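Q: Each chain is listed here by its residues.
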Amino acid sequence: MSENKEIIFKVQNLRTWFPITKGAFKKVVGHVKAVDDVSLEVYKGETLGIVGESGCGKSTFGKTLMMLERATGGQVLFNYDGEFRDITKFNKDEMFDFRKKVQMVFQDPYSALNPQKKIYTSFEEPLVVHGMKDQAQREARMQEVLKMVNIQPDYLMRYPHEFSGGQRQRLCIARALEVMPEVLICDEPVSALDVSIQAQVLNLMKDIQKELNLTYLFIAHDLSVVQYMSDRIVVMYLGKIVEVADSRALYDEPLHPYTRALLSAIPVPDIHNTKKRQVLEGEVPSPIHKPSGCAFHNRCPHCMEICKQVDPTLAVQNPENGHMVACHLYAEQQKKLQEEQAAASQA
Amino acid sequence: MDNKEIILDVENLNTTFISDRKKIRIVKNVSFQLKRGTALAVVGESGCGKSVTMNSIMRFLGKNAIVEADKIQYNALRDGKVTEYRLENIEKPHGPEMRALRGPEMSMVFQDPMSSLNPVYKVGDQVAEGLLQHNKGMTKAQAREKVLEMFRKLGIPDPEERIDCYPHQFSGGMKQRVVIAIAMICNPELIICDEPTTALDVTIQAQIMELLKEMQLKDGKSIILITHNMGLVAEMADEVCVMYMGRVVEFGSLEDVFDHTSHPYTQALLRSVPVLGLADGQKLETIPGATPNPADLKGGCEFADRCPYATDACREKDIPMFQLSPGHRVRCLRYSEYPVVGSGEAEVAEVQ
Chain G
1 MSENKEIIFK VQNLRTWFPI TKGAFKKVVG HVKAVDDVSL EVYKGETLGI VGESGCGKST
61 FGKTLMMLER ATGGQVLFNY DGEFRDITKF NKDEMFDFRK KVQMVFQDPY SALNPQKKIY
121 TSFEEPLVVH GMKDQAQREA RMQEVLKMVN IQPDYLMRYP HEFSGGQRQR LCIARALEVM
181 PEVLICDEPV SALDVSIQAQ VLNLMKDIQK ELNLTYLFIA HDLSVVQYMS DRIVVMYLGK
241 IVEVADSRAL YDEPLHPYTR ALLSAIPVPD IHNTKKRQVL EGEVPSPIHK PSGCAFHNRC
301 PHCMEICKQV DPTLAVQNPE NGHMVACHLY AEQQKKLQEE QAAASQA
Chain Z
348 MDNKEIILDV ENLNTTFISD RKKIRIVKNV SFQLKRGTAL AVVGESGCGK SVTMNSIMRF
408 LGKNAIVEAD KIQYNALRDG KVTEYRLENI EKPHGPEMRA LRGPEMSMVF QDPMSSLNPV
468 YKVGDQVAEG LLQHNKGMTK AQAREKVLEM FRKLGIPDPE ERIDCYPHQF SGGMKQRVVI
528 AIAMICNPEL IICDEPTTAL DVTIQAQIME LLKEMQLKDG KSIILITHNM GLVAEMADEV
588 CVMYMGRVVE FGSLEDVFDH TSHPYTQALL RSVPVLGLAD GQKLETIPGA TPNPADLKGG
648 CEFADRCPYA TDACREKDIP MFQLSPGHRV RCLRYSEYPV VGSGEAEVAE VQ
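Protein chains in written order, with my numbering: chain G, 1 to 347; chain Z, 348 to 699.
Keep in mind that the hints were calculated from the coordinates and are not lab data.
One thing to keep in mind: the hints can contain errors.
[As the list claims (entries may be wrong)] Calculated pairs, BS3-like style, for lysine-lysine (alpha carbon to alpha carbon, straight line, at most 25 angstroms):
{"hint": "1", "chain 1": "G", "residue 1": "Lys276", "chain 2": "Z", "residue 2": "Lys469"}
{"hint": "2", "chain 1": "Z", "residue 1": "Lys630", "chain 2": "G", "residue 2": "Lys206"}
{"hint": "3", "chain 1": "G", "residue 1": "Lys44", "chain 2": "Z", "residue 2": "Lys469"}
{"hint": "4", "chain 1": "Z", "residue 1": "Lys500", "chain 2": "Z", "residue 2": "Lys469"}
{"hint": "5", "chain 1": "Z", "residue 1": "Lys369", "chain 2": "Z", "residue 2": "Lys630"}
Keep in mind the model is a prediction, meaning the values are calculated, not measured.
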């Protein structure tokens, strides 16, 4: 299904490293490898979910795609009507133009809106900045986006404190939609909200996506929320992608031991569920001192000798649905598959 | 049931806060009983009064809070003998009587491990403080031994080294273990956990929950778990208490609440949570509207404005509790053919 889809983002070997400095001369003594060698493709109109525990680099990855964090290495190619351009090399003007196409929704709706400004002022700013000179036109656009998120247009004259958390998050989504972006990067958009409000916002986001044919990058730590929202899911661990799969396939047959543990750790609201839970030992190691070889090996129940030395690469496991996994358990199968493909292409 | 079986008995607990010279009732006629050695889950959204209820029982609230109750009875079981404590009658919430109970009898684990530890003291000293406070004559060396033992029990790696570390040297999950160690060190019978894993990752959450379950099953502790995660409830609890806007709206055993879900709010809560493995295209059900401001409530059922079954009668007066089956109580007029139990009559009288 994925072959005939248009690619909107092509990320190649992306790295975002933060230097650790020491001493009076700020000597660089090491790096926090928040995003380390990540390659993936995002298709137009899909929702790509990114999950992982705190500190796995998922938010940094989202920010790097918007160039809110400078990439240390690698490329981020964005589709400009068929032509791929590397946004890591953009100058200021190009960047400005790019941000019209990609917008971001942040985690905390309480701090994302300026409490001293009316919603009107907060909403007008992006339109003014992006050159909509006519005030009547601006107002029309503001009312249009408010309608999309089911908030009455006359609420524009209110201040943020007059809204509830769910309404504020909808306002943040509306503001991101004003400049008609193609991609919305949502960084934990519902984790600050109450359970009964979460569902409202999630459903609204789904409806808007259908209406505007948006592409979502949905970053969250809650796998059940991500699974509900996404078409494809990327699982990250310590700055690396460990598994990529269709959301259904990831749930039905998770391959990587980490994904399995993550799935089984989620408490199920069903008292007749007899599935034995697999509890992971230990915690996520610090990204400064990453374990050698596979970063997961010291918590992995299937750890082998090779895992301690060689870092596995992300490779296709199931060519039918594009299920990819980075784990030595599947290395042989993947190798065979690659040889078969090579033979087929030669023939 | 006699006092031996019941560890905590709360009847008609009301907590009122004074804010801007107005009285706002946050907890309204909450009654429940906790059986010894079982786990009770208190579920509800933020602002529903679940934390305030527990803080009222522990008498942690400040001077702007008025705690009134017919009964908050804690039954301490020592060497087969039951001693009753009436917490609502203790005059000074921070006086010696209450302090003698907090720690050796009942203790609390708070939500945010990052802010419940003092950053400038070593974790070992913070855990030992309660021990030294409650056991006069215990030496520091003895206390240290005890703390090490507790750290080992809670699965903190290399306790001899970690005991002299400061909180910032610990990860979130380890900090929460330290907070649990502080709560557990005096060997209390009742542990109240206020959203103990909300700030933690799912894999760490699973570890902490395993730990709590073990304490309940092995050591026979009684646990009250405050949470908004229905999944945790299903795994941990024996009984469930659902709260909405300061009232208990449904109370029952795990089977009652999950298999015979009766209150519309509980039903909606269970259906609006995304569960793994939803069929493609299946939509989540939503609860319309938002939780009201407790200062604006007019009386009648608090959930009426968001309820699909609401009638005019719902908004007229406060709804009493109806008993559907022994132990299963629901505050909803749809079950008015069932007998009224407990606090219901008092409330109706109050409205008249």
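Q: So which of those numbered hints doesn't the model satisfy?
A: Checked against the structure, the hints that fail are numbers 1, 3, 5, while the rest are satisfied.
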